[in-house]
Amino acid sequence: MTATQAARKQSLTSKASNYLDERTSISGAVSFLGRKIFPDHWSFMLGEVALYSFVAILISGTFLTFFFDPSMTHVPYEGSYVPLKGIGMSVAYHSALDISFDIRGGLLMRQVHHWSALLFVASIGLHMLRVFFTGAYRKPREINWVIGFLLFILAMAEGFTGYSLPDDLLSGNGLAIINGMVKGIPLIGTWISYFFFGGLFPGTAIVPRLYILHIMLLPAILIASLGLHMLLLIINKHTQFAGPGRTKGNVVGSPIMPVFAAKAGGFFFLVFGAIMLIASLVTINPIWNYGPYDPSPVSAGTQPDWYIGFADGALRLVPPGWEVELFGYTLTIAILAPMAVMGVFLVLVAFWPFIEAWITGDKREHHMADRPRNNPTRTAIGAAGIIFYAVMWAAASSDLMATHFSLNVFYVIHVLQALLILGPIIGFWLTKRIAIGLQKKDREMVLHGFESGRIVRKPGGEFIEVHQPVDEYERWRLTSFDAYEPTKERPNSAGRITAGTKIRGSLSRWFFEDRITPVTKSELEQSKHDH
Amino acid sequence: MAKRKNRGRRHPLASAALLILGLAAVGGGYTVVSEAADASAPAPAASQLTAEDGQRLYMANCATCHGVEAVGTKNGPTLIGVGAASVNFQVMTGRMPLAFQGPQADQRNPQFTQEQSDAMGEYIQTLGAGPDKPDEEWLDTSATGVDIANGAELFRINCAMCHNVAGAGGALTEGKFAPNLHDIDGAHIYEAMLTGPQNMPVFNDNNISPEEKRDVIAYLHYLDESPSVGGWDLGSLGPVSEGLFIWTLGLGSIVALTVWLTSRPN
Numbered sequence: 001m002t003a004t005q006a007a008r009k010q011s012l013t014s015k016a017s018n019y020l021d022e023r024t025s026i027s028g029a030v031s032f033l034g035r036k037i038f039p040d041h042w043s044f045m046l047g048e049v050a051l052y053s054f055v056a057i058l059i060s061g062t063f064l065t066f067f068f069d070p071s072m073t074h075v076p077y078e079g080s081y082v083p084l085k086g087i088g089m090s091v092a093y094h095s096a097l098d099i100s101f102d103i104r105g106g107l108l109m110r111q112v113h114h115w116s117a118l119l120f121v122a123s124i125g126l127h128m129l130r131v132f133f134t135g136a137y138r139k140p141r142e143i144n145w146v147i148g149f150l151l152f153i154l155a156m157a158e159g160f161t162g163y164s165l166p167d168d169l170l171s172g173n174g175l176a177i178i179n180g181m182v183k184g185i186p187l188i189g190t191w192i193s194y195f196f197f198g199g200l201f202p203g204t205a206i207v208p209r210l211y212i213l214h215i216m217l218l219p220a221i222l223i224a225s226l227g228l229h230m231l232l233l234i235i236n237k238h239t240q241f242a243g244p245g246r247t248k249g250n251v252v253g254s255p256i257m258p259v260f261a262a263k264a265g266g267f268f269f270l271v272f273g274a275i276m277l278i279a280s281l282v283t284i285n286p287i288w289n290y291g292p293y294d295p296s297p298v299s300a301g302t303q304p305d306w307y308i309g310f311a312d313g314a315l316r317l318v319p320p321g322w323e324v325e326l327f328g329y330t331l332t333i334a335i336l337a338p339m340a341v342m343g344v345f346l347v348l349v350a351f352w353p354f355i356e357a358w359i360t361g362d363k364r365e366h367h368m369a370d371r372p373r374n375n376p377t378r379t380a381i382g383a384a385g386i387i388f389y390a391v392m393w394a395a396a397s398s399d400l401m402a403t404h405f406s407l408n409v410f411y412v413i414h415v416l417q418a419l420l421i422l423g424p425i426i427g428f429w430l431t432k433r434i435a436i437g438l439q440k441k442d443r444e445m446v447l448h449g450f451e452s453g454r455i456v457r458k459p460g461g462e463f464i465e466v467h468q469p470v471d472e473y474e475r476w477r478l479t480s481f482d483a484y485e486p487t488k489e490r491p492n493s494a495g496r497i498t499a500g501t502k503i504r505g506s507l508s509r510w511f512f513e514d515r516i517t518p519v520t521k522s523e524l525e526q527s528k529h530d531h
Numbered sequence: 001m002a003k004r005k006n007r008g009r010r011h012p013l014a015s016a017a018l019l020i021l022g023l024a025a026v027g028g029g030y031t032v033v034s035e036a037a038d039a040s041a042p043a044p045a046a047s048q049l050t051a052e053d054g055q056r057l058y059m060a061n062c063a064t065c066h067g068v069e070a071v072g073t074k075n076g077p078t079l080i081g082v083g084a085a086s087v088n089f090q091v092m093t094g095r096m097p098l099a100f101q102g103p104q105a106d107q108r109n110p111q112f113t114q115e116q117s118d119a120m121g122e123y124i125q126t127l128g129a130g131p132d133k134p135d136e137e138w139l140d141t142s143a144t145g146v147d148i149a150n151g152a153e154l155f156r157i158n159c160a161m162c163h164n165v166a167g168a169g170g171a172l173t174e175g176k177f178a179p180n181l182h183d184i185d186g187a188h189i190y191e192a193m194l195t196g197p198q199n200m201p202v203f204n205d206n207n208i209s210p211e212e213k214r215d216v217i218a219y220l221h222y223l224d225e226s227p228s229v230g231g232w233d234l235g236s237l238g239p240v241s242e243g244l245f246i247w248t249l250g251l252g253s254i255v256a257l258t259v260w261l262t263s264r265p266n
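Chains as they are written, first to last, in the UniProt record's numbering: chain A, 1 to 531; chain B, 1 to 266.
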């Protein structure tokens, strides 16, 4: 290649970019975005997993819309699955079966769609836990936490509407449970159910309605929220773990261009590949086993997809007979209580950043991710929350635990009922103790170094183990964290201590009474003189 | 030192080799002897065992719980009128004789031959007639007129609430359960419907006709014979096993990938 050719090529690309820039002024945005820094820690990639599985959902879902028909017209089955030949069913179920058996690649796409949906919600959950335990939702990122929570709810709504579309026995049973829950709401329940199903359950209106929600309204809201989520992520920048050279004013990691873009691009294909591999090897929701929806039969092992499991489990954990009759109206506490518990739980999750900020009274910006041990009470609350959720979740599979471990299903439920109350308490206490223990270990390491395993005999005959001091980098990592103190209950301008202040004070004491403070410079100097 | 060690000690694997040799000798010897014993045992007579033989077998193996003359005791119900179909199901699926008292009799290897079971069935029939073993006609799932789709629909309506739509089984109250229905002999499926063993309801011929019972058997055998079209079926247990899979193998492998991607060479 001669020099003139190279020059011409270069000028072609620069011409092209110049052409674009002159018309869109995009260069500013590109160079700004290109300098966005991503920290190098595996837990910061979980949100990306969610994003990439969402892409897989969009692609496979588009394919499915080409062939799925949500019509409720009743037709006899004429496809190639023998055990359903001639059975009457809705066009919706028929077309879902055709996608599975008679359209090339259809079953694979259905399985890609469903598996990536499960992965989508699972990775969102894990991503939320990472953000929670590192305190990455604190100012200025509270709004993004709320948007993320909204995305989590939207993902579940997408999952539930999708689950109900094939109009097979499983999806119909799911809708029947929702119908029962809605009808359990006093006064308005029956009317909401009528409105939702367009008359009596199940009717013929629900599947086309859910279809529109599933492929248009919910995805549109989801994509818009996702855009906002990413925009705020760029504006707020990433948090990072403490380390040498990492301050509140910078982010250490790889820039988008070119390192991170290459890594993320590769990671996208890895996630996509994993989904394809799972979808091609493992069955998900074999709708042909379930047959068309018919309100009378229910199959053993009828459960929702995992992310709605906690709601199913909450219903199963209610003791029998929770029902009262008032003035001739029946109040189904068995439905209202779990709904209230789940509602309170979800509201607490959604508003946690504001609750914590109120308790700590901390209005500073935070850009350093906490190590979970350095905020023992928050970590313990997180652990308690996980246990509470997990017990409800496990209860949804109480029947399968009974059959697979040869247990009495009633005992399984009773044990889970006890765990729902005791589990979070024990989990809270244990986690807090473990976190404080780890903090003490860190302090010990900084002040006295780590045990080197080298035993030295002194001239006097005494044996000592040599403690090696930790290096500066490690010391930085171990000592840079905030230790809060309980807020003081100060009287307000009228000279009174209000009830709110008192509650806040006691919550703050509960949070920060037991605390380990980071090693200070003078403590460090002192410890050096000890040796 | 090293030299003496080499000469004076046995090879480190010597004791393991000796152990394997010993086990092989004992196991092989046992197999030979037991096979010889089997060969010397009187071959089951080709001639039919009679109801009297059945009574003898009954007295030796069943009467402890079901009582002399099958009148029942506090440990077992009366067998008068249960019929040969019930005997064949309970004995030939290994549920009887009961291995241990529990919420429900477990399936295991049958303890009797078909002839012995038939003889006991004949004896039970003499005490009071009950449903007999099904005719071959109702077990022939390749006969004309067999409708798998009808069998599948009947199965979903009548059986799936306990046995699961794919016959994977399910939980019942107090530790009882509806068993998995994979690879079950057609006669046993028929007899189970006819006699309602354990906690199962009876589906008599007015309820589900013999033709329809045959359809149900044909559907279950279709499930056994057809490969799972979507890949590994995770036990056909529904969304729980799918959720377990995505959280363990699915998300687990993806987290492993994130750790790999962000690791730096030391």
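Among these hints, one or two may not hold up.
Calculated lysine to any residue pairs in the SDA-like style (CA-CA distance at most 25 Å, straight line) [claimed, not checked]:
id: 1; chain 1: A; residue 1: LYS85; chain 2: B; residue 2: VAL32
id: 2; chain 1: A; residue 1: LYS183; chain 2: A; residue 2: ILE333
id: 3; chain 1: A; residue 1: LYS85; chain 2: B; residue 2: TYR30
id: 4; chain 1: A; residue 1: LYS85; chain 2: B; residue 2: PRO131
So the derived list for chain B, only partly shown, Cβ under 10 Å to chain A, looks like this [to be verified]:
id: 5; residue: PHE112
id: 6; residue: THR113
id: 7; residue: MET161
id: 8; residue: CYS162
id: 9; residue: GLY170
id: 10; residue: VAL259
In short, the hints are calculated from the structure, not lab data. All residues carry an ideal CB built from backbone N, CA and C; glycine is no exception.
Minimum Cβ distance from MET161/B to chain A below 10 Å? 5 Å, holds
Closer than 10 Å between Cβ atoms is the bar; does CYS162/B clear it against chain A? Give me holds or violated. 5 Å, holds
Check the hint pairing LYS183/A with ILE333/A against an upper bound of 25 Å on the C-alpha distance. 12 Å, holds
Holds or violated: are the alpha carbons of LYS85/A and TYR30/B at most 25 Å from each other? 55 Å, violated
Regarding the hint that GLY170/B lies at the interface with chain A, is the smallest CB-CB distance below 10 Å? 3 Å, holds
Status of the hint placing THR113/B at chain A (closest C-beta pair under 10 Å): Interface hint status for THR113/B: violated (29 Å vs cutoff 10 Å).
Take a quick look at whether LYS85/A and PRO131/B sit within 25 Å of each other, Cα to Cα. Given pair LYS85/A, PRO131/B is violated - Cα atoms ~33 Å apart, limit 25 Å.
Given hint VAL32/B paired with LYS85/A - CA-CA distance at most 25 Å: 54 Å, violated
Hint PHE112/B vs chain A: min CB-CB distance below 10 Å? 26 Å, violated
Interface hint status, VAL259/B versus chain A (Cβ within 10 Å): Since chain A brings a Cβ to about 4 Å from VAL259/B, closer than 10 Å, the hint holds.
Against the hints set out earlier in the document, violations occur for numbers 1, 3, 4, 5, 6.
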